[in-house]
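**Q** Combine the two chains into a complex, taking the hints into account.
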Amino acid sequence: MTLLEVRGLNTYYGESHILRGIDITINSGEMVCIIGRNGVGKTTLLKSLIGLLSPRTGEIIFNGEAIRKRPPHQRAKLGIAYVPQGREIIPHLTVEENLQLGMEALSEGLKKHSSIDNFIYELFPILKAFLGRKGGDLSGGQQQQLAIARALLGKPKLLLLDEPTEGIQPNIIQDIESAIRRIISETGIGVLLVEQHLHFVRKSDRYYAMQRGGIVASGQTRDLSKAIVDQFLSV
Amino acid sequence: MVQLILESLFNGIAIGSVLLIAALGLAIVFGLMGVINLAHGELMMLGAYSTYVTQLVFKLPALKPFYNSYVIVSLMVAFLVAAVVGILLERSIIRRLYGSPLETLLATWGVSLILQQFVRSVPLAYASGIIIALLIGLIVPLIVPHDLLSHRRNRLIKVGSLGGSVLVGLLSANWLSTSISRLGRASARNVDVTAPSWMRGGLDLWGITFPVTRLVIIVITIIAVISVTWFLKQSVWGMRIRAVTQNREMSECLGISTKKVDVLTFGIGSGLAGVAGVAVSLLGSVGPNVGGSYIVGCFMVVVLGGVGNLLGTIIASFAIGIMTDLIGAGRLLSIWPDMPSPLASTVDFFATTSMARVLVFALIVVFLQFRPSGLFPQKGRMVES
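Protein sequences, first through last, are from chains W and E.
Residues 0 to 234 in numbering that gives the first Met the number 0 are what the first sequence spells out, letter by letter.
Residues 0 to 384 in numbering that gives the first Met the number 0 are what the second sequence spells out, letter by letter.
Pulled out of the complex, with its shape left as it was, chain E reads as follows (with noise of 0.2 angstroms):
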C-alpha cells in the first residue's frame, strides 16, 4: 500500500520534473513578452531530436567508448540547439509583434507547425547542418575581438564568417547523411532514443524499484531549477532580466540593453525547452508531435503556479505530473482496491492518459474559478498599480 502510494508519488514527480524544466523556460518567455509562446512545445521536441542525433553520432566508431556520456553531451547539444532556434524565432518574429499579444500567439502557433513539418520533410542530417550554421554565425560576432570589428574592413570579416558558416555547416551535414544512413533521409515516423546502459534497470530501496532514467530526470530537473534561480537571483544579467521584465521603457532609460536582455532571455527559455526535450526522449518514443502534447500540460502549470514564481511553478508541475499519473494509471484502484462499483467503473473510465488529462485540466478550470491567480499570487502594494 506505501510502495504503491511511493511508486505513484515517484512516478508523478518524474512527469512533473519534465513538465517543471518545460514550464521554467516558457514562464521566463513569457514574463518577458506576456504572451505564451506556442511553439515551446516544437523547441522540446527539437531538444528531443538532438538528443536522438547525438546518441547515433555517439556510435560512430570514433566516439564508441565513450557512448556512455552521450546524455550528458545531449543536454547540452539540445540546450544550444533550441537555445539557437528561439534566438532565431525572437529576432525574426518576435521582436517585430511586440506589443501585440493575439498576433504573437498566432505567430508562434504558425512557427510550430512550420517546425513539425520541417522535422517530418527534411533530414535530420540537414536540419543539423543548418543548425550548425547558426550557432557559428551567432557565436562568432560575439567571440571576434571589438577593435577587429570596428575595422574599416569590418564588413569582409562579416561576409567572411557568413560565409564559414554556411560552409561549415555543410559540411557537418554531408558528413553526417554519408556517416551515418539513417540521417541522410527524411522520415515523419517517430524514432526511440536507446539509454546507455548505466541509465538502464532500476534502483531498489525499500522494496521498491526506481527506474534510474527517472532519477536522473529528476537530478537534471534539481539541477537546472538551481542553476536558473542562481542566475537570475544573483547574475548580473539576471538582474538586467528582471528589471526588463518588470518595466521594460524604465530598464532602456537606465541603460540597459533591452535587445540584448531579449535575446539572452529568450536563449534560455528556450534552451530549457531544450533540456526538457532530453528528458522527453527518455521517457518515450520522439516524434514531430511529440511537443504538442506537452505545451499544453506547460501552459497550465505557469497558469496554475501563477506567473513570476517559482515556488508556484515547481509545485503546480508536481501536481499536475503526479495526479496524471495517479489517474490516467489507474492506481487509484491498486491503492483502494475495495471502492465502492460506481466509483471503480469512474475511476476506470478516466484511467488512461488521454481522459486523465481531460480530467486533471477540467480540475484546473474549477481551481482557477475560486484562485483566477492561481495558487501564489503577487501580494502588496505594487499590485493595485
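Okay, chain W solo, but in the shape it has when bound (with noise of 0.2 angstroms):
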C-alpha cells in the first residue's frame, strides 16, 4: 500500500533552488533510503516532508491526504516522526520527559498518555538506566537511541531518519539497525532513510539516488552495482 506519495516537489532556500521536481513514493513496511553526496539535499527533502521548510510547488500525499500546506505537528499528529541530524533531544527535559513528548502525537497527546510502553526498553534498554538524567547529559550514540525512541513512542505510520549512525560507535549502530529492522518486520511501519553508511544502505529495500537536488536513480538495494555505490556514496 502506498503510504507516502511526493510529486514534483520544488523546494527553495530564498531564491536559491534546492530540489528539483522529487518524486518518491513509499510503501508501508518498507525501508527506503536516500543516497547521494554531502548538499545535494537530502536533508531539505526530509525537512520538506516534516514541513520545517514549505516546498513552493509539488505534492505531498500521505495516506491518501495532500498534507503540503500543513503544519509540522499536524503532520507529526497525522502519522509522520522525524528523527533529525544531530537528534534534537530537548537538553534540560530528563529522558523520560523526552520519551514522554513522543507521544504527544497520539491522539489527545500527552494529556492521556504519559507511561512509556515496555518495548522501547526491549529495544534500548540503556535508557532504561538512563530515565532521570537530563537528555542533554547523554553522549551521542544514547541521545541517537533516545531520538528513536521518542519517534517510535508517537507509533508513527512513517518513520522518517536523518543520518542515524553519523558519528556513532558502531556496536550501537548495531543496536540502531537491528532495532528499526524489528519495528518495520512487527508494526509495518515505512520508513524513509537518508544515510552515507553502506551496510546499513544495503539492509533497505529499495534506494534513491539524488544528485544536485534531483532523483538520478532508483532502484532494490539488492540491484545496487558497485558503480552506483561510487557515484553517490562518498566512502
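By construction, these hints were calculated from the structure, which means they are not laboratory data.
It cannot be assumed that every hint is accurate.
[What the hints assert, rightly or not] Below are the DSSO-like pairs computed for lysine-lysine, each with C-alpha atoms no more than 27 angstroms apart in a straight line:
1. W:154 with W:110
2. W:154 with W:68
3. E:58 with W:111
4. W:133 with W:110
5. E:232 with W:111
6. W:110 with E:63
7. W:133 with E:258
**A** Shown next, in the form of C-alpha cells:
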C-alpha cells in the first residue's frame, strides 16, 4: 500500500533552488534509503516532508491526504515521525520527559499518555537506566537511541531518519539497525532513511540516489552495483 | 540594631517580591522569544489600574458588603487583564517578529509608549469595556463545543460571538462610566488605591512593626512562585512550554502546536505582570509611568539571576530589593550611626530612591564583569552545543 507519494516537489532556500522536481513513493512495511553526496538536498527533502521547510510547488500525499500546506505538528499527529540529523534532544528535560514528548503525536497527546511502553526498553535497554538524567547529558549514541525511541512512541506510520549512524560507535549502529528492522517487521511502518553508511544502506529495500537536488537513479537495493555506490556515496 | 536590620530586610524583601513576580513573568517570556518584552512594565501598570477599577466597583452599594475582599478579586482581574493584553500583543505583533530580536525590542517599546498614552487619554471605563470585549472574544472560541464550530454555519457563530462580545464590552463601559463618574473621564493624574481595613496597620513581632500590606504582598509572591513552578514542572502544558522554549523546531515536529504554546506562555507571563501590578498599587500611587520604574529592575533581576534559573531569579530579586532599600532609605546610617564622616556623606548622597537605583545598577554592571552569565549559569554538556 502506498504510504507516501511525493510528486514534483520544489523547495527553495530564499532564491536558491534546492529540490528540483522530486518524485518518490514509500510503501508501508518498506525501508527506503536516499543516498547521495553531501549537499545534494537529502536533509532538505526530509525537512520538506515533515514541514520545517515549505516547498513552493508539488504535492505530498500521505495516507491519501494532501499535506503540503499543513504545519509540522499536524503532520506529526497524522503519523509522520522525524529523527533529525544531530538528534535534537530537548536538553534540559529528562530522558523520561523526552520520551513522553514522543507521545504528544498520539491522539489526545500528553494529556492522556504518560506511561512509557515497555517495548522501548526492549529495543534500547540503556534508556531505562538513564530515565532520570537530562537528555543533554547523554552521549551521542545514547541520544540517537533516545531520539529514535521518542519517535517510535508516537506510533508513527512513517519514520523519517536523517543519518542515524553519523558519528556513532559501531556497536550502537548495530543496535539501531536491528531495532529499526524489528520495528518494520513487527508494525509494518514505512521508513525513509538518509544514510552514508553502506552497511545500513544495504539493509533497506529500495534506494533513491540524489544529485543536485533531483532524483537521478532508483531501484532495489540488492541491485545496487559498485559503480552506483561509488558514484553516489562518499566513502 | 537587630531590629533595624530586620526591618530593613523585611522592607527589602517586600520590594524584592514585586520584582520577583514581575521578573518571573518576564523570564518566562524571555525564555520563549529570547528578547526582553519592554512592554512588560506597562502590563504591570495595567494590573495596577485594574486593581483601582476593581476597588471602585466594590465601592458600589451592591458590592459594598464584600469590599474587604476586593484585593483577592483584583488579583484575578489583574491577571486576566494583563494576560489578555499580552496575548493580543503576541498575536498581533510579536508573532510576526520571531527570530528578529532587535525589531521585537523596538516594537515592544513602541507598544509600551502606546499603552502609557492609552491610559492617559482613554477613560478607564472604556478601557475596561475594550478589555471585557477582548476577553469574551478570546474565551468564546474555547468554550463553544467543537462540533458546533465545525458545523456548516460556523461563520455565523463566529460573527455572532464577535458581535456579542463587542456589545457586552460597550454595555459594560457605558454602565461603568455612568455608575462611577470618576471612570468616565480620561485623566493623566496618578490615582491611589486604598487598602481595605484589614490590610491597614501593622503586625507587632519582636518589637518590630510589620505593615500588613507588605506581608500580604510577600504571601502573594510565595503563592505565585509556587504555582508557577508547579505548573511548569508538573503539568502537561508546562512540559510543552519547557520543550518549546528549549527547542522550538523539534517540539513542533513532535506534535506540539507551538502557536498554542506561544499564546499560553505569553498569557501566563503577562498575567504575572498583572499580579505584580496589584502589589505595586498597594505600595504606592498608580500612574501611567509606574511600569517604567520597575521594568529596568526586572530586567536586572533576569540578567543577574541567570536566565532560566528560578533560584537565581529569587535570590537576585531579593538582593536588589534589599540593597535598594538599604541604600535608598539611608538605613546604613541608622544601623551604623558613628560611621566616619567621608563615608557617611557618600552614603547620604545615595540615600534617595533614584540614586540608590543608580548605585545598585552600577554594582550589577561590575558584578557581571566577573560573572557574565549571572549568579547561576547553566552547566553541563548542552551548554557547549
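**Q** Evaluate each hint against the coordinates.
**A** Evaluation of the provided hints:
Between the alpha carbons of residue 154 of chain W and residue 110 of chain W the distance comes to roughly 16 angstroms, so the proposed pair stays at or under 27 angstroms and holds. Using a Cα cut-off of 27 angstroms, the hinted pair residue 154 of chain W and residue 68 of chain W holds, with the two alpha carbons roughly 23 angstroms apart. Taken as a hint, the residue 58 of chain E and residue 111 of chain W pair is broken in the structure, with Cα atoms around 46 angstroms apart against an allowance of 27 angstroms. Note on residue 133 of chain W and residue 110 of chain W: the hinted pairing holds, with a Cα-Cα distance of about 22 angstroms set against a maximum of 27 angstroms.
Of the pairs offered as hints, the one joining residue 232 of chain E and residue 111 of chain W holds, with about 17 angstroms between alpha carbons and a cut-off of 27 angstroms not exceeded. Restraint check for residue 110 of chain W and residue 63 of chain E: not satisfied, since their Cα atoms lie roughly 42 angstroms apart, outside the 27 angstroms limit. As the CA atoms of residue 133 of chain W and residue 258 of chain E are separated by approximately 26 angstroms, the hinted pair is consistent with the 27 angstroms bound.
The structure fails hints 3 and 6 (numbered hints given earlier, in ascending order).
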